[in-house]
Amino acid sequence: MILNILFGLGVALFGFVLQTALGGINRKVIARLQKRYGPKWYQEFLDIFKLLSKRATSHGWIFDFGVIMALGGIIATAMFMPITNELVAFDGYDNFFIFVYLIAVGMLGMAMSASGSGNPLASIGVMRALTTMLAYEVPFMVVVLTIINITGDSSISMIAEFQQLANNHWFIIALPLGGIVAILALMGMLGKKPFETYIAPAEIASGPMVEYGGKQLGMLFIMHEITVFIEVSLFVHLFLGGAENIFVFLVKYVLVYTFVNLISNVNGRFKIDQVVTFFYKWPLLLAVSQAIIAIYLGWVI
Amino acid sequence: MKSTKFTELTQEQIDRKWWEIGDFFRRNSLWMLMYCTGCCAIELPPAMTSAYDMERLGMGPMATPRQADVLLVTGYLSLKTLRRLIYTYEQMSEPKYIVGFGSCTINGGIYHDSHVVINRLDRYVPVDVYVAGCMPNTEAVMNGFVDLMDLIKSKKADGWKRYHDNYDWYKKNQEEALGEVRIKDEFHE
Ligand code: SF4
Numbered sequence: 009m010i011l012n013i014l015f016g017l018g019v020a021l022f023g024f025v026l027q028t029a030l031g032g033i034n035r036k037v038i039a040r041l042q043k044r045y046g047p048k049w050y051q052e053f054l055d056i057f058k059l060l061s062k063r064a065t066s067h068g069w070i071f072d073f074g075v076i077m078a079l080g081g082i083i084a085t086a087m088f089m090p091i092t093n094e095l096v097a098f099d100g101y102d103n104f105f106i107f108v109y110l111i112a113v114g115m116l117g118m119a120m121s122a123s124g125s126g127n128p129l130a131s132i133g134v135m136r137a138l139t140t141m142l143a144y145e146v147p148f149m150v151v152v153l154t155i156i157n158i159t160g161d162s163s164i165s166m167i168a169e170f171q172q173l174a175n176n177h178w179f180i181i182a183l184p185l186g187g188i189v190a191i192l193a194l195m196g197m198l199g200k201k202p203f204e205t206y207i208a209p210a211e212i213a214s215g216p217m218v219e220y221g222g223k224q225l226g227m228l229f230i231m232h233e234i235t236v237f238i239e240v241s242l243f244v245h246l247f248l249g250g251a252e253n254i255f256v257f258l259v260k261y262v263l264v265y266t267f268v269n270l271i272s273n274v275n276g277r278f279k280i281d282q283v284v285t286f287f288y289k290w291p292l293l294l295a296v297s298q299a300i301i302a303i304y305l306g307w308v309i
Numbered sequence: 002m003k004s005t006k007f008t009e010l011t012q013e014q015i016d017r018k019w020w021e022i023g024d025f026f027r028r029n030s031l032w033m034l035m036y037c038t039g040c041c042a043i044e045l046p047p048a049m050t051s052a053y054d055m056e057r058l059g060m061g062p063m064a065t066p067r068q069a070d071v072l073l074v075t076g077y078l079s080l081k082t083l084r085r086l087i088y089t090y091e092q093m094s095e096p097k098y099i100v101g102f103g104s105c106t107i108n109g110g111i112y113h114d115s116h117v118v119i120n121r122l123d124r125y126v127p128v129d130v131y132v133a134g135c136m137p138n139t140e141a142v143m144n145g146f147v148d149l150m151d152l153i154k155s156k157k158a159d160g161w162k163r164y165h166d167n168y169d170w171y172k173k174n175q176e177e178a179l180g181e182v183r184i185k186d187e188f189h190e
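As given, the protein sequences belong to chains S and U, one line each in that order.
Counting in the working numbering, the first sequence runs from 9 upward without gaps.
Counting in the working numbering, the second sequence runs from 2 upward without gaps.
These are computed hints drawn from the structure, not numbers from a lab.
Here the structure is a predicted model, which means the values were calculated and not measured.
Even for Gly, the Cβ is constructed at its ideal location relative to N, Cα and C.
Misleading hints may appear alongside valid ones.
Unchecked claim - BS3-like cross-link-like pairs, simulated, lysine-lysine; straight-line CA separation at most 25 Å: (1) U:172 x S:223; (2) S:223 x U:156; (3) S:48 x U:154; (4) S:48 x S:223; (5) U:157 x S:223; (6) U:154 x U:18; (7) S:36 x S:201; (8) U:154 x S:223; (9) S:200 x S:36; (10) U:173 x U:18; (11) S:200 x S:48; (12) U:162 x S:223; (13) U:156 x U:18; (14) S:201 x S:279; (15) S:48 x U:156; (16) S:43 x S:201.
Unchecked claim - To be clear about the criterion: a stretch of chain U counts as covered by chain S if any three or more of its residues have a C-beta under 8 Å from a C-beta of chain S, and this derived list gives those stretches: (17) 20-29; (18) 50-57; (19) 93-106.
So that you can see chain S by itself, here it is in the shape it has in the complex (with noise of 0.2 Å):
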């Protein structure tokens, strides 16, 4: 059980260090298309220690509690995620809907402390990153029930192991498109540019971190790099055949974050209203016809 947890954490934090490097990576690739030069491959490691090194205010322990508890509550979830078909901390509890479930805490714990500290721009911000939630969760959750009922099973790995054991049949051309839905719905869920209305910079002063800043904000930036490293990681089990080693994995995870982040620096931004007509229309109506051609007519590529 011990070595369980340590493993866990040690998934976590490899989850941590990839994705920082690859945010760093990344920002470099955006500043090629932008023709800059672009930081350092590991500007986004310092940008996290500055934050963790400063000072900070805080305001009220709603605050401070919100941001411990959004952090652990990602870690927590982290801890659950395989990495390859082996690679798995606590073996038989992947299952999907642990992290439908333990995402939640992380988020709500952010949307708590957010609202906590008082600001009005948080609050908008808090309200649209929930609105948006509403919105993506929808049609990925007909997909995903797809294809739980195609593979009879809802544990991560044992869907990866199905798209493995059927020749390699991934979701994503297997049911083209839930693939296209998947797609869309990663976007919104790791606040990419047509759906990252819930930050706007430009707008409402970064939504929801308006107010934070030193240690807190460091604490949250380790947050959000766990959270996308579990989003990214789900596309890749759920549609992209999982992976049986590490290096496929890694291989995998870097195409899609990269693939998204292009797709995203060319777009721009939604309003609060057209997120949720867009997602509700053709996501929504693509899932359902998908959902009607692979369960009922058994049509699946």
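Once you have looked at the hints, place chain U with the ligand on chain S.
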């Protein structure tokens, strides 16, 4: 031969070491708050975009004072904007630095005898680096940022400490110019 024996460090020396490590991170990741008060601000877009690309130095714009490390004061300050500037500066988390742009922040520049524009920024908030010129060209701006990094490295960028130590003097000057300065925390009243 120099002895390699481990000597016990005093608490003060340990603190110094930690502070030096922190300084390494702080000077390589400077987030700026652009309080664009005057025309010098037009030098910032070329500094940020592909012409000079200040992200190479690890610098980037930030949306709120709480997250920022450097406050850029880009040009003349009228009495109205000075009040906001002081409120903004006091909200930033420490250590914090100020970079003043152009002759307006040094001696009033072309507005030195105006009734509503302050002459010396240094009398109201502590400035770490001045960038001279009206307007300073973009190389000078980038140079100013590199200077700030060097100052942080040699521990001379201590404006925020001077502000603490000489707060009475700063407060007196602020009040002389503005009347009352009250840091209003409108969210927690
Ligand atoms: S120094 Fe010159 S360019 Fe800068 S704000 Fe003053 S008048 Fe404008």
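Hint-by-hint comparison with the structure:
1. U:172 x S:223: Violated, at roughly 28 Å.
2. S:223 x U:156: holds (22 Å)
3. S:48 x U:154: The hint holds at about 19 Å.
4. S:48 x S:223: holds (23 Å)
5. U:157 x S:223: holds (24 Å)
6. U:154 x U:18: holds (13 Å)
7. S:36 x S:201: Cα-Cα ~17 Å, so holds.
8. U:154 x S:223: holds (22 Å)
9. S:200 x S:36: holds (17 Å)
10. U:173 x U:18: violated (36 Å)
11. S:200 x S:48: The given pair, whose Cα atoms are some 22 Å apart, holds under the 25 Å limit.
12. U:162 x S:223: Holds, at about 20 Å.
13. U:156 x U:18: holds (12 Å)
14. S:201 x S:279: holds (11 Å)
15. S:48 x U:156: holds (24 Å)
16. S:43 x S:201: holds (19 Å)
17. 20-29: Since 5 is at least three, the answer is holds.
18. 50-57: Since three or more residues must qualify, the claim that chain S covers the segment 50-57 of chain U holds, with 5 doing so at under 8 Å.
19. 93-106: With 4 residues closer than 8 Å to chain S, the segment 93-106 of chain U meets the three-residue bar; holds.
In the structure shown, a violation is registered for the earlier hints numbered 1 and 10, in ascending order.
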